[in-house]
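Now for the letters of each chain:
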Amino acid sequence: MNRLSWFNTVSLTLGFAFLYIPMLILVIYSFNASKLVTVWAGFSTRWYGELLHNEAFLDAAWVTLKVAVFSSSIATVLGTMAAYVLVRGNRFLGRTLFSGMIYAPLVMPEVITGLSLLLLFIGIGLDRGVLTIVLAHTTFSMCYVSVVVSSRLVTFDRSLEEAALDLGCSPAQAFRLVTLPIIAPAVISGWLLAFTLSLDDLVIASFTAGPSSTTLPIKIFSAVRLGVSPEINALSTVMIAIVAVGVIAASLVSKRSLVRQQKDEQEAARAQ
Amino acid sequence: MRRLLLIAVPYLWLLALFLVPFIIVLKISLSDIALAIPPYTPTLDFAAGWAGIKAFFAGLDFENFIWLTEDDLYWKAYLSSLTIALISTVLTLMIGYPIAYGMARAPGEWRPTLMMLIILPFWTSFLIRVYSWMGILSQEGFLNQFLLWTGIINEPLIILNTKIAVYIGIVYTYLPFMILPIYAALDRLDESLIEAAEDLGCSRLSAFWLITVPLSKNGIAAGCFLVFIPALGEFVIPSLLGGSGTLMIGKVLWEEFFSNRDWPVASAVAIVLLLLLVIPIVLFQRNQQKQAEAEQ
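In the order they appear, the protein sequences are chains U and W. Every letter in the first sequence is one number past the one before it in the working numbering, and letter 191, counting from 1, is 191. Every letter in the second sequence is one number past the one before it in the working numbering, and letter 137, counting from 1, is 137.
Read the hints as simulated data drawn from the structure, not as lab findings.
Here are some, though not all, of the chain U residues that point toward chain W, as calculated from beta-carbon distances under 7 Å:
| # | residue |
| --- | --- |
| 1 | L12 |
| 2 | L78 |
| 3 | L202 |
| 4 | M239 |
| 5 | V243 |
Stretch-level coverage of chain U by chain W, calculated; a stretch enters the list once three of its residues show a Cβ under 8 Å from a Cβ in chain W:
| # | stretch |
| --- | --- |
| 6 | 23-34 |
| 7 | 86-96 |
If you want a taste of the chain W side facing chain U, the calculated C-beta under 8 Å gives, among others:
| # | residue |
| --- | --- |
| 8 | L6 |
| 9 | V9 |
| 10 | L17 |
| 11 | F22 |
| 12 | I24 |
| 13 | I28 |
| 14 | M116 |
| 15 | S125 |
| 16 | F126 |
| 17 | E140 |
| 18 | G233 |
| 19 | A266 |
| 20 | L274 |
| 21 | I281 |
For every residue, glycine included, the Cβ atom is placed at its ideal position computed from N, Cα and C.
Given only the sequences and the hints, what does the whole structure look like? Please build it.
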């Protein structure tokens, strides 16, 4: 193919600069010795040390992690079930309502989801805490999981499942031995998506969290409202680093498994 | 039996935690405010059975909605949310299209990396990405330092806590949503069509307007909806980057609920916001369907 024209080179360079410079500045200034965030006063890891001793942040991080692990795991199970029902299931009563309820939370403004769940929890007398945040996060992230998984289910060859059934598998065995391994990458990316959505969420957590169960985004938001602080910069840098390592590692793993799969297929073709 | 369980579990979950809460919002938006806990008088009493339902319809009033039309705070907030969402969608399109175009024209071996660089910010915390602009746009921030240093300006510009900062925040956080569908459309575009147009005497620019833009219009539409819909109900960006003068309906709802503790009015605000969203969502759905049909 062709070389990039100057116009495309300029637009790509400016575009990526716009996307990455703000985060780069944040990372660089998290190593700033000065308490004034915008004035450089030499390299220091002081704010990282203070972060490690900030009990409030550590507690909030622990709550956030707990919520994210539980909600994304439940959401993956429920979302995969929902995707299976939507793609494979025949007609059943209220199918339209069901698919509507899967897609609606994706476009629902967070303030409305949060408000409505809070009103429900108060209505049934459930005390707000970790449990209510998990319930809330599971509800909206299971819809994302179900969209990711159903896009994989649509493209996969149904005759494989039928062959397993013909050869004497029970439907549950066919799902476990044939379907699940094939859709596994989509299920895993669904889980990852649910996990990051839960880590990230401020609005819905603010509505559904109780006073004793503050999550990290709630903590960051209330600190940031007062202005920029070097400690938050350090915390942000840690979070950016974790995500960057995670995403790059995941893409390398999936690339390698793709290469291996292609090699296997070639060898299988040669053996025939 | 097992099949029934498979359907019933996610179904009941969504009914209990999505549909029922939504009906509660609808109900409370039709209730009266009261100084109690919870701070409203329920209008519908299911326990009273049929009599309760009859009393509900007899006592139904749209007081809170009428209140919304009388106080011009809400009008202004809805209107300014709509204009902010609209303007920032157009800005995102203008910035996102050239990037998507450049990606689609880049050598094949670069594209996976470019794709990953677009997706990576999407995985990083939304809150942190918005926060990163606070240090850049403030009066003694990096942008002002830079502009003062180059001598373009003599006095620091006031950007943080204005609408401009909100536009920048929305464009920045939602840019990947605009780029990805446009890139997908441009990637599929058959380049020989453009060559044919140029052979037949089109200038490059008119080939772009006559071939490339119409063929990527589904991607453009998808990208615009993906930016417009969340921008309309946005809360974090206007509350961190916008000032007290930037009215957006997500922020009004938040304050009505947490500061004023007026739950019925907060619920009514939510219902009207949803009504505003119905039109773009239906259009988006139709666009996606058309695209799916075109691919088949």
